[in-house]
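Whenever a hint applies, use it, and build me the whole structure from the sequences.
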Amino acid sequence: MNQHAPAAALAPALAQRTLWLVFASTFLELVGVFMLSPLLLLLLKADGVSTAVAGLFAAAGWVGILFATPFIANATHALGRRKALWLAAGLPVVVTTGFYLSDDLAVWFVLEFMAGMAGGLRWVLAEALVAECAPAGQRGRWVGWFETMVGATFVVGPALLAWVGAERGVALTVVWLVLLAGLLCSLWIPALPEEHVPPSAADSPKAEGVDGVSGLWQALRAHPVIMIAGGVGGFFESGISGLLPLYGLALEWSAPQSALLVSASGLGSALMMLPMGIWADRMAQDPQQRWGMPLQARLTLMQTCALLTALTTLIVPWVADWTVLAWPLVFLWGGIGGSLYTLSMIAIGDREQGLPLVQATAVLVMSYTLGGTLAPALGGWMLDVSPRIGFVALLLSVATLGWLALRHQNNPHDKTNKNDSKK
0 MNQHAPAAAL APALAQRTLW LVFASTFLEL VGVFMLSPLL LLLLKADGVS
50 TAVAGLFAAA GWVGILFATP FIANATHALG RRKALWLAAG LPVVVTTGFY
100 LSDDLAVWFV LEFMAGMAGG LRWVLAEALV AECAPAGQRG RWVGWFETMV
150 GATFVVGPAL LAWVGAERGV ALTVVWLVLL AGLLCSLWIP ALPEEHVPPS
200 AADSPKAEGV DGVSGLWQAL RAHPVIMIAG GVGGFFESGI SGLLPLYGLA
250 LEWSAPQSAL LVSASGLGSA LMMLPMGIWA DRMAQDPQQR WGMPLQARLT
300 LMQTCALLTA LTTLIVPWVA DWTVLAWPLV FLWGGIGGSL YTLSMIAIGD
350 REQGLPLVQA TAVLVMSYTL GGTLAPALGG WMLDVSPRIG FVALLLSVAT
400 LGWLALRHQN NPHDKTNKND SKK
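If you count by numbering that gives the first Met the number 0, then the sequence shown holds residues 0 to 422, one letter each, in order.
Just so you know, the hints here were simulated from the structure itself, not pulled from any lab data.
Glycine included, every Cβ here is placed at the ideal spot set by N, Cα and C.
Incorrect hints may have been included.
Here are the simulated distance ranges between beta carbons [as the list claims (entries may be wrong)]:
#: 1; residue 1: Trp187; residue 2: Asp103; range: 45 to 51 angstroms
#: 2; residue 1: Trp380; residue 2: Thr303; range: 47 to 53 angstroms
#: 3; residue 1: Trp187; residue 2: Arg406; range: 29 to 35 angstroms
#: 4; residue 1: Gly168; residue 2: Pro327; range: 42 to 48 angstroms
#: 5; residue 1: Arg387; residue 2: Val155; range: 27 to 33 angstroms
#: 6; residue 1: Gly136; residue 2: Ser101; range: 49 to 55 angstroms
#: 7; residue 1: Val154; residue 2: Leu78; range: 38 to 44 angstroms
#: 8; residue 1: Gln287; residue 2: Leu55; range: 54 to 60 angstroms
16 angstroms max Cα-Cα, derived EDC-like pairs, lysine to aspartate or glutamate [stated by the list, open to error]:
#: 9; residue 1: Lys44; residue 2: Asp102
#: 10; residue 1: Lys82; residue 2: Glu166
#: 11; residue 1: Lys44; residue 2: Asp103
Structure follows, in structure tokens:
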């Protein structure tokens, strides 16, 4: 039996059950997380903590994600995918209990860091399982649905908090119950075959470098352009969205109008990822193969997205005079950025299974996170220095470099053809 048997080999009912439970458990966990994050910031401010310290506290979760990413394959190797998901779902329940029991700020920082580690583990494993367990020919559709669902939790979580209220005892109890429901869904996920590398395979040269930092480097070498696409996606989806309020203020908009730009970006991301996934499936399954083999079709779409991103940045200098252009512009940035990440995940799922898929997903998540981190840092500086020229030059440079990297990708047609014939 192959070390990394594709999930398509599972009985259809079992694969379907796995997908729905991954969807349900991830939805509940993220709703709980996006209730908890703003709640904790509100509680810190109510206790008189400075905005700077509150910002560092929020960053602790992202640091936890980045810290955990190199070791996710190790945890998956040791525990198996199902038990690793149990850990990812159980740790937030424990962390929320800690927030309820302790008022110590140092303890809260440690708990937030642990929550970030659990979030990184959930992020990578859930993405990889959806890509692997999707029915043949429907990976784009399922990944698109999953990314759309994830985007919806950004709205559902804070909305539920607004409905419940920010009173500490009640709100933390609701968060704890939502996270517990996510844990229960995770416990029902069925065991998947070949979750562990067999002892004989673990000693083989092929299995070396699957885990740890060396595994990240191996995955980066295997998928460099896909990782670049993920980084560009993170830059224009999550990174630029965090900068949009400052961009609106630079246009001399009011604070509420500036904040609404974030909603336009999020709406573009939510509405475009599923159609892009369905489109990717149709292009890959074109009877006449007008777009080449499946991986080539994905690459064509990624190239198109990167080119559209570069072209839309050319509109920015005119936004100051025609502010109505800002809304469709940021809508496209959010949608195209999310689409690049979605297409990258689909492409990785086409080529990998098992632990290599988990490791490649971890590198994609890290690339996306780094792109999302660089955008506000560099973009904020450019808005101060030169909002009309420098800011545009930064956006155009990132989008163009991404497009050029994708444009000069070696044609994967031959490799994909061989892989498809084996399947």
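Indices of hints not satisfied (ascending): 1, 2, 3, 5, 7 and 10
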